[in-house]
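Visitor: Position chain F against the provided structure of chain W, taking the given hints into account.
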Amino acid sequence: GAGVSQTPSNKVTEKGKYVELRCDPISGHTALYWYRQSLGQGPEFLIYFQGTGAADDSGLPNDRFFAVRPEGSVSTLKIQRTERGDSAMYLCASSYRSGANVLTFGAGSRLTVL
Amino acid sequence: AQSVAQPEDQVNVAEGNPLTVKCTYSVSGNPYLFWYVQYPNRGLQFLLKYITGDNLVKGSYGFEAEFNKSQTSFHLKKPSALVSDSALYFCAVRDPSSSNDYKLSFGAGTTVTVRA
Chain W
2 GAGVSQTPSN KVTEKGKYVE LRCDPISGHT ALYWYRQSLG QGPEFLIYFQ
52 GTGAADDSGL PNDRFFAVRP EGSVSTLKIQ RTERGDSAMY LCASSYRSGA
102 NVLTFGAGSR LTVL
Chain F
64 AQSVAQPEDQ VNVAEGNPLT VKCTYSVSGN PYLFWYVQYP NRGLQFLLKY
114 ITGDNLVKGS YGFEAEFNKS QTSFHLKKPS ALVSDSALYF CAVRDPSSSN
164 DYKLSFGAGT TVTVRA
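Chains W and F are the protein sequences, given in the same order.
Numbering-wise (the numbering used here), the first sequence opens with residue 2 and increments by one.
Numbering-wise (the numbering used here), the second sequence opens with residue 64 and increments by one.
So that you can see chain F by itself, here it is in the shape it has in the complex:
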């Protein structure tokens, strides 16, 4: 079975400071990993994905994430946070080697608050 853990319910940072949102995963094979962001009363917006290749993935709005196979982690990072980055962030995983490789499993989410 595949799963994702986001160990922090909330992350608070000052504007201009680095932002990190943690994610660890569990799959039987090599994972496909995704980050989505959700603003209030909105659907999920795709930020970035890791499929294969370079462990450092760059995505939308200046976000990046690093795939670490030995630590089974895929932490989301932004070098300099903006107030507008305040939102709910979800990590998600797919197992391409499984019979239900279409199924995306989400973490519980991390609320990011960036203070001015």
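Looking at chain W on its own, in the form it has when it is part of the complex:
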């Protein structure tokens, strides 16, 4: 597609539930990133994929968070046993490789855990 697509745009869930957030990057972009943006803060790095593999998952806050990109295109961020503190905007971005290339962001998935 023309841009990075994220679904759902809004997700409201109850504490303890499982959530999946999907990202469809720009066609041909091999690099894919997930960031988390809490209210009043800048985006914080979660995970970086180069192709199918997670090259750096050091930003994932704990083992309840996991992300996959099985075919090197669409990625899914999975959150188990959600907690109220997981409430945030989850942003996906893609680019050609990395380095000086510009990240193109999707509109984000806003997660609210009640």
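Read the hints as simulated data drawn from the structure, not as lab findings.
Any given hint could be a false lead.
Stated by the list, open to error - Dumping the calculated DSS-like pairs for lysine-lysine here, alpha-carbon to alpha-carbon at most 30 angstroms:
| # | chain 1 | residue 1 | chain 2 | residue 2 |
| --- | --- | --- | --- | --- |
| 1 | F | K85 | F | K132 |
| 2 | F | K166 | W | K79 |
| 3 | F | K85 | F | K140 |
| 4 | F | K121 | F | K140 |
| 5 | W | K79 | W | K16 |
| 6 | F | K166 | W | K12 |
Guide: Then chain F, alone, in the frame of chain W:
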């Protein structure tokens, strides 16, 4: 470690006046610097970047930014602000000399309000 500081939470200007949004950075090597803008309930939109070369970089919507290595700054500027420039602005940095040169680190953001 790389980091960005945006010292002002909010900037308020009148339409037609110059707009400046401040950013300072910290990296071990020469930085790649970026500005993004975010409108309510939207993702981040790229405005401009500095990689190398001319210290004055021109970007989208009439914005420009000046890289100052001695002051480790990359302030965003617009000569004549519009009401439609009201948004949240983020400065970001990458360190191309580091082992994780893909990682973009963002400041906390500056809310710009342009009054008519």
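Visitor: Indicate, hint by hint, whether the structure satisfies it.
Guide: Hints, one by one, checked against the model:
no. : hint               : in the structure
1   : K85/F with K132/F  : 14 angstroms, holds
2   : K166/F with K79/W  : 21 angstroms, holds
3   : K85/F with K140/F  : 9 angstroms, holds
4   : K121/F with K140/F : 10 angstroms, holds
5   : K79/W with K16/W   : 15 angstroms, holds
6   : K166/F with K12/W  : 27 angstroms, holds
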